[in-house]
Amino acid sequence: MKDVFGLIYTSDESDMRLRDLTRSRPIAAMPMGGRYRVIDVLLSNMVHSEITNVGLITQRNYHALMDHLGSGKEWDLNRKRDGLFILPPYVSRSNTGSYTGMLDAIRSNLGYVRRSSQRYAVICGSNVVFNTRFDEMLKFHQEKNADITILYNVPVGEEAKAEADRTHLKLDADGRVTDIEVTQSLNNYPAASMDVYIMDKALLTYLVEVTAAHYQTDFVRDVLMRQLRELKVYGYEYKGYVKRIESIASFYRLNMDMLDESKRTPLLYKPYPVYTKVKDEVPARYEAGAKAKNCLLADGCIIEGTVENSVLFRGVRIGKGAVVKNCVLMQSVEVQDGAQLSHVIADKGAFIKRDRNLVGQESWPVVIEKNAVI
Amino acid sequence: MGKKCVAMLLAGGQGSRLGVLTRNMAKPAVPFGGKYRIIDFPLSNCSNSGVDVVGVLTQYQPLELNSYIGNGMPWDLDRLNGGVYVLPPYIKGKSGTWYKGTANAIYQNLAFIEQFDPEYVLILSGDHIYKMDYSDMIAEHERKHADCTIAVYSVPWEEASRFGIMNTNEDGDIVEFEEKPANPKSNNASMGIYVFNWKDLKQYLIEDEKNPESSNDFGKNIIPRMLSEGKHMVAYGFSGYWKDVGTIESLWEANMDLLQSPPAFNLYDSSWRIYARNPILPPHYVSDKAQVSNAMVTEGCVVEGTVSHSILFSGAKVEEGAVVENSVVMNGAVIRKGARVRRAIVSENAVVGADSNVGGNGRIAVIGEGVSLPEYSVVKPGEQIDAEALAKKQSAEEEAK
Numbered sequence: 001m002k003d004v005f006g007l008i009y010t011s012d013e014s015d016m017r018l019r020d021l022t023r024s025r026p027i028a029a030m031p032m033g034g035r036y037r038v039i040d041v042l043l044s045n046m047v048h049s050e051i052t053n054v055g056l057i058t059q060r061n062y063h064a065l066m067d068h069l070g071s072g073k074e075w076d077l078n079r080k081r082d083g084l085f086i087l088p089p090y091v092s093r094s095n096t097g098s099y100t101g102m103l104d105a106i107r108s109n110l111g112y113v114r115r116s117s118q119r120y121a122v123i124c125g126s127n128v129v130f131n132t133r134f135d136e137m138l139k140f141h142q143e144k145n146a147d148i149t150i151l152y153n154v155p156v157g158e159e160a161k162a163e164a165d166r167t168h169l170k171l172d173a174d175g176r177v178t179d180i181e182v183t184q185s186l187n188n189y190p191a192a193s194m195d196v197y198i199m200d201k202a203l204l205t206y207l208v209e210v211t212a213a214h215y216q217t218d219f220v221r222d223v224l225m226r227q228l229r230e231l232k233v234y235g236y237e238y239k240g241y242v243k244r245i246e247s248i249a250s251f252y253r254l255n256m257d258m259l260d261e262s263k264r265t266p267l268l269y270k271p272y273p274v275y276t277k278v279k280d281e282v283p284a285r286y287e288a289g290a291k292a293k294n295c296l297l298a299d300g301c302i303i304e305g306t307v308e309n310s311v312l313f314r315g316v317r318i319g320k321g322a323v324v325k326n327c328v329l330m331q332s333v334e335v336q337d338g339a340q341l342s343h344v345i346a347d348k349g350a351f352i353k354r355d356r357n358l359v360g361q362e363s364w365p366v367v368i369e370k371n372a373v374i
Numbered sequence: 001m002g003k004k005c006v007a008m009l010l011a012g013g014q015g016s017r018l019g020v021l022t023r024n025m026a027k028p029a030v031p032f033g034g035k036y037r038i039i040d041f042p043l044s045n046c047s048n049s050g051v052d053v054v055g056v057l058t059q060y061q062p063l064e065l066n067s068y069i070g071n072g073m074p075w076d077l078d079r080l081n082g083g084v085y086v087l088p089p090y091i092k093g094k095s096g097t098w099y100k101g102t103a104n105a106i107y108q109n110l111a112f113i114e115q116f117d118p119e120y121v122l123i124l125s126g127d128h129i130y131k132m133d134y135s136d137m138i139a140e141h142e143r144k145h146a147d148c149t150i151a152v153y154s155v156p157w158e159e160a161s162r163f164g165i166m167n168t169n170e171d172g173d174i175v176e177f178e179e180k181p182a183n184p185k186s187n188n189a190s191m192g193i194y195v196f197n198w199k200d201l202k203q204y205l206i207e208d209e210k211n212p213e214s215s216n217d218f219g220k221n222i223i224p225r226m227l228s229e230g231k232h233m234v235a236y237g238f239s240g241y242w243k244d245v246g247t248i249e250s251l252w253e254a255n256m257d258l259l260q261s262p263p264a265f266n267l268y269d270s271s272w273r274i275y276a277r278n279p280i281l282p283p284h285y286v287s288d289k290a291q292v293s294n295a296m297v298t299e300g301c302v303v304e305g306t307v308s309h310s311i312l313f314s315g316a317k318v319e320e321g322a323v324v325e326n327s328v329v330m331n332g333a334v335i336r337k338g339a340r341v342r343r344a345i346v347s348e349n350a351v352v353g354a355d356s357n358v359g360g361n362g363r364i365a366v367i368g369e370g371v372s373l374p375e376y377s378v379v380k381p382g383e384q385i386d387a388e389a390l391a392k393k394q395s396a397e398e399e400a401k
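For the record, the sequence lines run as chains A and B.
Note that the first sequence covers residues 1 to 374 in the numbering used here.
Note that the second sequence covers residues 1 to 401 in the numbering used here.
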């Protein structure tokens, strides 16, 4: 995959749906799976595809991302030639700093696209998590002589219940896209886009400029839908585990899914391990009297109480007699002695005092914001 | 550009008292404490002390150590000027020898040290678990205008005769050095950590090398020689946790020390983190049948059985119905269904077959690296099993049938 560069677009349009959790960070920087962030999965996909030139388009609140990624060392993207380019918003005549769509965002960073020496671009959103290499998809793209190839899956089970607009594709027998519907409620076409596109850099540059000339900014609406007849748009199916982060509930389910080995291993570990920033925490520690059942626990946790069906990020502390069930507790959350938590998502550094009682529901988990003291 | 201090870490020891654990790797590469290796402690100490040039002298089974150290990134020792260097013995002209002794190992790397033109050289060994600020020791060395400063640790009197003992006057100056004395006059044991003025040490090393009688060892030759010449030798007292992990029993004990509440050795100090190369595995998973208490468990582990008073290393797995007690289960080892492991060390990637019984009351049982015990195996307390021992055991059992 030497002839491909990656472009990750971290939109903030959908951030509002995650309420307090995305107040200080984009979805791309959301912690997930006990020790990762969403961006880790996306970047690792690029790295495992041997893509060594990755541009990351950021918008408001990109501090959390910058802080996490640094030079890209941990993803092996601190390179002499190419590597990781964080493309923050800036205000100039041609850049408003706040993008109205992916086309607008790429137009503002056309300089990066033009400088990239590779022929193909893999463009990827930041709200869908999955673990794959893009090699097969590129081969398909080349074989079909496609203009644009869209990665899609057919959501089943929980994932089939949309909680936000999805881009559904109608495909003919050859895999060519013949119609597109952007909808939350309709399910005429089971194939749903995963916000990953492969196209030629020259075409990308052309499309961005042409649409900009018409004040068009949205890739799905203004390119895919408007030019579906002129362009050869194909769909390539992904059959592995996919989770779209569309709401608090779906973010919660993504984490709970990680308790299931058949989902955890392919998303985080095998065959392609997800790389992340190393924090050099001490192994987790269970004191005498600790009880843990069906849990995922990161290093640095200290458990004295009871934890069930939960995901605990690094450095979480559970006091004596505390009972934590069906919770997602992010980095450095402290649950003091005797507190009871059920269906709670606690953001980094939240502090739950002695004997507090918090109960949420699976469809509506209680969200505790960063550094809150309850 | 000159450096104030260059650290030389002696990591060539075979560690034969660790038995099957060091058959395929040097002692400093032996895993410890869930996600570390012994060498992480001196390397992290260097990094945290601001000593940013470290030469690691390897000789015995260096592969594991070489690939582990790599470019030194995990310890923040990948530096433009300095960093970590692995220094194996090499051929010079027609000659070329293995490192004959600790002093000879440094002698063979004079050119390495010289290129940094340091004021001081810090000699370290890769055999101990401890946290120590070397910059304090160097400051003390400077303050006392010493020729050599040796870190000492007060060991229990009854054990003093197992150590090199430093007898000091009231100023802390060393007046006498006794190697493993029968009747110790002091309990100040040398920790094998020395600070030398580089220019002096260089001369001593060159002269020592010329002496064919010498065993080219710091403890046996260099230190006694300096003392006899009336050099200013200072003892630097260290009072934190310090543990030699040179034997199976002491390695096991040091691991168990981490399980005390509060731990006898505190790894949680964020101002003095111990760094390690991280295999990047998912958080560990405990199933709904698991029982874990008084244990340390790290990333990549899967626990379905019972774990009590034990340490599981990265990627270890304890299957349903298996019981692990008072044991150390190293990286990637698997304890199959129904097996019992008590007072044992199970090395990297070893497999304890279903319904086996390993260890028990008495001495520590050891399962060597990569050994795959068949089901219903019995390993007695104190027994050490590597691939060879396993084959022997199996053929003996065949014959018995």
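Calculated directly from the structure, the hints in this document are not laboratory data.
Owing to the predicted nature of the structure, the values given are computational and were not obtained by experimental measurement.
Even glycine gets a Cβ: it sits at the ideal position worked out from N, Cα and C.
Check before you lean on any hint, since a few could be wrong.
As the list claims (entries may be wrong) - If you anchor each label on the Cβ, the simulated ranges turn out as follows:
hint : chain 1 : residue 1 : chain 2 : residue 2 : range
1    : A       : Lys170    : B       : Ser270    : 53 to 61 Å
2    : B       : Ser67     : A       : Glu158    : 24 to 32 Å
3    : B       : Asp76     : A       : Lys320    : 32 to 40 Å
4    : B       : Pro381    : A       : Gly321    : 31 to 39 Å
5    : A       : Glu230    : B       : Lys289    : 52 to 60 Å
6    : A       : Ser71     : B       : Gln260    : 38 to 46 Å
7    : B       : Glu249    : A       : Ser117    : 54 to 62 Å
8    : B       : Gly362    : A       : Asp355    : 20 to 28 Å
9    : A       : Lys270    : B       : Lys337    : 20 to 28 Å
Said to hold, decoys possible - Heads up, simulated DMTMM-like pairs for lysine to aspartate or glutamate below, C-alpha to C-alpha not over 25 Å straight-line:
hint : chain 1 : residue 1 : chain 2 : residue 2
10   : A       : Lys263    : B       : Glu304
11   : A       : Lys325    : B       : Asp386
12   : B       : Lys289    : B       : Asp269
13   : A       : Lys353    : A       : Asp337
Do the hints match the structure? See the list:
{"no.": "1", "hint": "A:Lys170 / B:Ser270: 53 to 61 Å", "verdict": "holds (55 Å)"}
{"no.": "2", "hint": "B:Ser67 / A:Glu158: 24 to 32 Å", "verdict": "violated (43 Å)"}
{"no.": "3", "hint": "B:Asp76 / A:Lys320: 32 to 40 Å", "verdict": "holds (36 Å)"}
{"no.": "4", "hint": "B:Pro381 / A:Gly321: 31 to 39 Å", "verdict": "holds (37 Å)"}
{"no.": "5", "hint": "A:Glu230 / B:Lys289: 52 to 60 Å", "verdict": "holds (59 Å)"}
{"no.": "6", "hint": "A:Ser71 / B:Gln260: 38 to 46 Å", "verdict": "holds (39 Å)"}
{"no.": "7", "hint": "B:Glu249 / A:Ser117: 54 to 62 Å", "verdict": "holds (60 Å)"}
{"no.": "8", "hint": "B:Gly362 / A:Asp355: 20 to 28 Å", "verdict": "violated (46 Å)"}
{"no.": "9", "hint": "A:Lys270 / B:Lys337: 20 to 28 Å", "verdict": "holds (22 Å)"}
{"no.": "10", "hint": "A:Lys263 / B:Glu304", "verdict": "holds (18 Å)"}
{"no.": "11", "hint": "A:Lys325 / B:Asp386", "verdict": "violated (43 Å)"}
{"no.": "12", "hint": "B:Lys289 / B:Asp269", "verdict": "violated (33 Å)"}
{"no.": "13", "hint": "A:Lys353 / A:Asp337", "verdict": "holds (8 Å)"}
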